[in-house]
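Enquirer: For the record, the sequence lines run as chains A and B.
Under this note's numbering, the first residue of the first sequence carries the number 3, and numbering increases by one thereafter.
Under this note's numbering, the first residue of the second sequence carries the number 3, and numbering increases by one thereafter.
Each hint should be verified, as a subset may be incorrect.
As the list claims (entries may be wrong) - The list that follows gives simulated cross-link-like pairs (lysine-lysine, DSS-like), each with its CA atoms no further than 30 angstroms apart:
1) Lys71/A with Lys214/B
2) Lys203/B with Lys284/A
3) Lys14/B with Lys291/A
4) Lys191/A with Lys234/B
5) Lys53/A with Lys223/B
6) Lys290/A with Lys205/B
7) Lys214/B with Lys53/A
8) Lys195/B with Lys284/A
9) Lys14/B with Lys290/A
10) Lys234/B with Lys291/A
11) Lys46/A with Lys71/A
12) Lys279/A with Lys195/B
13) Lys234/B with Lys199/A
14) Lys223/B with Lys71/A
Said to hold, decoys possible - What the simulated footprint calls covered on chain A by chain B, stretch by stretch (three residues with Cβ under 8 angstroms from a Cβ of chain B suffice, anywhere in the stretch; the number is not a length):
15) 73-82
16) 85-97
Unchecked claim - Some residues of chain B that are not near chain A, with every Cβ distance over 10 angstroms (derived):
17) Leu17
18) Leu228
19) Asp237
20) His242
21) Gln261
22) Ile316
23) His339
24) Gly353
25) Arg394
Simulated from the structure, these hints should not be mistaken for lab results.
Cβ coordinates follow ideal geometry from the N, Cα and C atoms, glycine included.
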Amino acid sequence: MSAVKSVQENPVEEFLRTDRLPHVWCSGCGIGTTVNCFARAVRKCGIPLEKLAVISGIGCTGRVAGYLKLDSIHVTHGRAIPFATGLKLANPELTVVVYSGDGDIAAIGGNHLINAARRNVDITVIMLNNFTYAMTGGQVTPTAPFESINTTAPYGAYEMPFNLPHLVASCGAVYVARWTAYHVVQLTKAMVEAMNKKGFSFIEVISPCPTIFLRRNRLGDSVAELKFYKEHSVIKHGADTREVGWDETRPDEIIVGKFVDIERPDYVEAMNTHLSKRLGDKYVWWGKK
Amino acid sequence: MAEIRYTTADPKGVLTGVHYMDGNHAACEGALAAGCRFAAGYPITPSTEVVERFSARIPLVGGVFIQMEDEIASSICLQGAVWGGLKAMTVTSGPGISLMQEHIGLAACLETPCVFVNVQRGGPSTGLPTLPGQADMQQCRWGSHGDYEVIALSPSTVQESFDFIIDAFNLAEIYRVPVFFMMDECVGHMTEKLIIPEADKIKVVERRYTTKPPGEYLPYKPDPDLVPEMVKVGDGYRFHVTGLTHDERGYPVINAQAQHEMCWRLVNKINQNAHKIWRYEEEEVEGADVVVLSYGISARVALKAIEMAKEKGIKVGRMRLIVVWPFPEPRVKEIAHKVKAIVVPELNIRGQIAREVERVVEGACKVVRVPHAGGTVHDPEQIFDAIMEAAR
Ligand code: SF4
Numbered sequence: 003m004s005a006v007k008s009v010q011e012n013p014v015e016e017f018l019r020t021d022r023l024p025h026v027w028c029s030g031c032g033i034g035t036t037v038n039c040f041a042r043a044v045r046k047c048g049i050p051l052e053k054l055a056v057i058s059g060i061g062c063t064g065r066v067a068g069y070l071k072l073d074s075i076h077v078t079h080g081r082a083i084p085f086a087t088g089l090k091l092a093n094p095e096l097t098v099v100v101y102s103g104d105g106d107i108a109a110i111g112g113n114h115l116i117n118a119a120r121r122n123v124d125i126t127v128i129m130l131n132n133f134t135y136a137m138t139g140g141q142v143t144p145t146a147p148f149e150s151i152n153t154t155a156p157y158g159a160y161e162m163p164f165n166l167p168h169l170v171a172s173c174g175a176v177y178v179a180r181w182t183a184y185h186v187v188q189l190t191k192a193m194v195e196a197m198n199k200k201g202f203s204f205i206e207v208i209s210p211c212p213t214i215f216l217r218r219n220r221l222g223d224s225v226a227e228l229k230f231y232k233e234h235s236v237i238k239h240g241a242d243t244r245e246v247g248w249d250e251t252r253p254d255e256i257i258v259g260k261f262v263d264i265e266r267p268d269y270v271e272a273m274n275t276h277l278s279k280r281l282g283d284k285y286v287w288w289g290k291k
Numbered sequence: 003m004a005e006i007r008y009t010t011a012d013p014k015g016v017l018t019g020v021h022y023m024d025g026n027h028a029a030c031e032g033a034l035a036a037g038c039r040f041a042a043g044y045p046i047t048p049s050t051e052v053v054e055r056f057s058a059r060i061p062l063v064g065g066v067f068i069q070m071e072d073e074i075a076s077s078i079c080l081q082g083a084v085w086g087g088l089k090a091m092t093v094t095s096g097p098g099i100s101l102m103q104e105h106i107g108l109a110a111c112l113e114t115p116c117v118f119v120n121v122q123r124g125g126p127s128t129g130l131p132t133l134p135g136q137a138d139m140q141q142c143r144w145g146s147h148g149d150y151e152v153i154a155l156s157p158s159t160v161q162e163s164f165d166f167i168i169d170a171f172n173l174a175e176i177y178r179v180p181v182f183f184m185m186d187e188c189v190g191h192m193t194e195k196l197i198i199p200e201a202d203k204i205k206v207v208e209r210r211y212t213t214k215p216p217g218e219y220l221p222y223k224p225d226p227d228l229v230p231e232m233v234k235v236g237d238g239y240r241f242h243v244t245g246l247t248h249d250e251r252g253y254p255v256i257n258a259q260a261q262h263e264m265c266w267r268l269v270n271k272i273n274q275n276a277h278k279i280w281r282y283e284e285e286e287v288e289g290a291d292v293v294v295l296s297y298g299i300s301a302r303v304a305l306k307a308i309e310m311a312k313e314k315g316i317k318v319g320r321m322r323l324i325v326v327w328p329f330p331e332p333r334v335k336e337i338a339h340k341v342k343a344i345v346v347p348e349l350n351i352r353g354q355i356a357r358e359v360e361r362v363v364e365g366a367c368k369v370v371r372v373p374h375a376g377g378t379v380h381d382p383e384q385i386f387d388a389i390m391e392a393a394r
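So that you can see chain B by itself, here it is in the shape it has in the complex:
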């Protein structure tokens, strides 16, 4: 396996110090710290501040921002920049992420390392442009046609909007996948303290460029971890890549065998490495009767409900997903066998993550959904009631 090459952040992009800013601005600073030097975007509430800040900052750092004619263009323009050698992202929300789906499939198929930031709002359609939702959680995994896997992270705070987007860029490089940074309107627009460390404290993953000479290099011959090495345009490899089903040479091959090999690898490169990608935070799970499992802003709102339930003498633990996809299946299963119930508050009404929990626990414990159509966050009472119900 090609070793993962870590370096530290380029100080030019790092605004070391203590700041007071919102999640969208923090995500922009995190992207710059991660080495992102290209963003293509199209204005859409509530995500626009990310690219507004990027457009102001990037001329001082060295790189390009381009406002494209639509989200479809943005979502492929950034991939051109990646194949040209830069780290790149696009930022959107609601209808914008729906428009980008075809190119999420292209990124999965070409194995373009890149980051899609989705500051979630209420849907469907134009929905609630200025208000929060968490209803794109399944879309980000399944949204484009065909079989592939992605990685998705979800921050709960402004600090995490900075910290975790760096992880998002790093994971994109390690696994050569589109990585979703699933924010929401609340985290995006909430203003809090942000500490940006010194550049040499920030770990950045370098692209997996091949050291093989042209002639020996095959664009889609995977390393043992199932991820192939990359080249960029202009290095003399005279390579070909295509969104058609392809072989290791990158050449189109239109048959079931090539399809089998390509799709299984795209799925397995995430599934087989999932244990290295999972990331969650737990508190008082051991000995708990009820565990509240959540993510993003909802995990934060749940803290109040957990405190209220504890005051009533209920043993409540919590699990917060930082990486949502791949889903930490074994750990959730393990917890299910120890508790009475898992309570899942989230800002969507069909249990986008709750149904994943239900699927994984296979009836080992109760799964209590706490649905909310979005537009605001849960009232902690609602989650409290669900915990009390679950504990019964």
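If we strip away everything but chain A, and leave its shape as in the complex, we get:
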């Protein structure tokens, strides 16, 4: 009996709110895969569980916070980053992760994304990109590839999609990576690195949405999609982020890897350094010295 039980037990169960299962995600959805990676990353990262918080916005990926057995807060659409900013600044000892989708982070939350990267707030943003607003039925997003079919772009999208790694890198993010739901080992490693990186870190995870995006664009099921990721991904660590944009539904090359890993004082460090220089002993240092 015990042997059977140990086989059935999910190895990342201790990080999940099992009392909330089954979850809302479709079978074949890539979100669950990334959550698995995240749970493994949490185990490996060495950060005490009680000091780790996950904040999500709205959407299919926005439901991640609700399934993680960590301090987890599910806020409004697009605003997980400013919430995370306040949380991190209030208690700099916390590790704060924002886990949300492309519509949430890049469209409605775009202003917060660029400003948090610029400020180098010490948070990690894991942005799952399935190229559509899945929860509301598949509307066009600022990441939707040219000509992709969406309910609000029924004849195909014609706006230029965001190149998000380049956007956040040019705003000053200190860690920028892109992986796909196929690259579970690399993604897990990137999550560990990002959480331990001081400053604003950003991981774009390309992920299949079989129910909406793949179906509507006749791209097959998620197995076909993962196969596509596998066959077309090219790992280019340190790639020039200008070159990593994803413009077509089926690009020849999916450039993945760790694009940026640099050092720059994070928000709290910059604040403490600057204000103590200006105010001397009168300044009350914020957080641990």
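Please build the complex by placing chain B with the ligand on the supplied structure of chain A, with the hints as guidance.
Expert: Relative to chain A, chain B with the ligand alone:
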């Protein structure tokens, strides 16, 4: 019920002494005295001096000011800070408070204790950035979608900008609601004497943190006063809270039953405790024929009109709302049965508080509106005329 835990102000934040400053600066000092250690803001006239002062003072006290990219960000950034363990506020006006509405709903739903300072200006839209209005009085109660209740206070003087913002922070902690501090451009920019007492004379309410261990604690299981105890991120509770309709565990539950339970509690936790929250000032109400009911700067302007009417032999009393929401319904009703009329001067033209008075008195006396579109205060003559008309 978890007892309300009072302490006294941390002397680090208290500038004890006699000062001469404006209402916006006084509100900042009051916030610091109340223990506010985090502010997120975005520049907007006529409120900006509050955060300007905060940004200069907080490095000397210990805490954080961050100027966010917009008011939407400010209004949720402060909630992150609250869940991280600090007392926090944001400060805005006009278009800024309109942008913040979604997060006022979030604060109501997550039951985040926090303070929204609104130094009211004339609207709609960009309106009158540098001139006063009192036209956000209903918005602060109803502005975000859905059912919830808030608390709102309105100061009339610089001293009250200091004193009452401390009450605003305390009420936020007791009831775990967003509390509005409804100033106006006149009170914000008026310079007067301010006395800041010694720190040990200032009462401060501590957050209702639970003493239950993880495993026993449920984020939204209310105490008998309908307010749940709180935890903060980082304490090992590994809790979940959401802006979705939720149960006592904090887990989303998308059905009518959960909605019923959550919304009724959010409304009732204020309504059932309203008698402990109401606050107003009265003068010569007993025996009066006419009572002037007002708040903020308008209550102050009305004093002159009351004096003029008294000189004409009219028996005029006055009632000034300090806490505007929840509205002191029973007391206003009681007064209505004793007087000929209640006169309500305010800097908006559709009777934002006057219509609440009308609703409450149910025809027991006349209610005379003294509307003004804002941009300046009433001419006392206008209020005087209304009193004379009402007394007839
Ligand atoms: S709709 Fe798409 S993104 Fe959402 S859960 Fe289903 S497969 Fe995943």
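Enquirer: All hints, please: hold or fail.
Expert: Hints, verified against the model:
| no. | hint | result |
| --- | --- | --- |
| 1 | Lys71/A with Lys214/B | 18 angstroms, holds |
| 2 | Lys203/B with Lys284/A | 25 angstroms, holds |
| 3 | Lys14/B with Lys291/A | 20 angstroms, holds |
| 4 | Lys191/A with Lys234/B | 29 angstroms, holds |
| 5 | Lys53/A with Lys223/B | 24 angstroms, holds |
| 6 | Lys290/A with Lys205/B | 29 angstroms, holds |
| 7 | Lys214/B with Lys53/A | 19 angstroms, holds |
| 8 | Lys195/B with Lys284/A | 27 angstroms, holds |
| 9 | Lys14/B with Lys290/A | 19 angstroms, holds |
| 10 | Lys234/B with Lys291/A | 22 angstroms, holds |
| 11 | Lys46/A with Lys71/A | 16 angstroms, holds |
| 12 | Lys279/A with Lys195/B | 34 angstroms, violated |
| 13 | Lys234/B with Lys199/A | 24 angstroms, holds |
| 14 | Lys223/B with Lys71/A | 19 angstroms, holds |
| 15 | 73-82 | holds (count 7) |
| 16 | 85-97 | holds (count 11) |
| 17 | Leu17 | 14 angstroms, holds |
| 18 | Leu228 | 22 angstroms, holds |
| 19 | Asp237 | 7 angstroms, violated |
| 20 | His242 | 5 angstroms, violated |
| 21 | Gln261 | 17 angstroms, holds |
| 22 | Ile316 | 52 angstroms, holds |
| 23 | His339 | 45 angstroms, holds |
| 24 | Gly353 | 32 angstroms, holds |
| 25 | Arg394 | 52 angstroms, holds |
Hint violations for this structure: numbers 12, 19, 20, all remaining hints satisfied.
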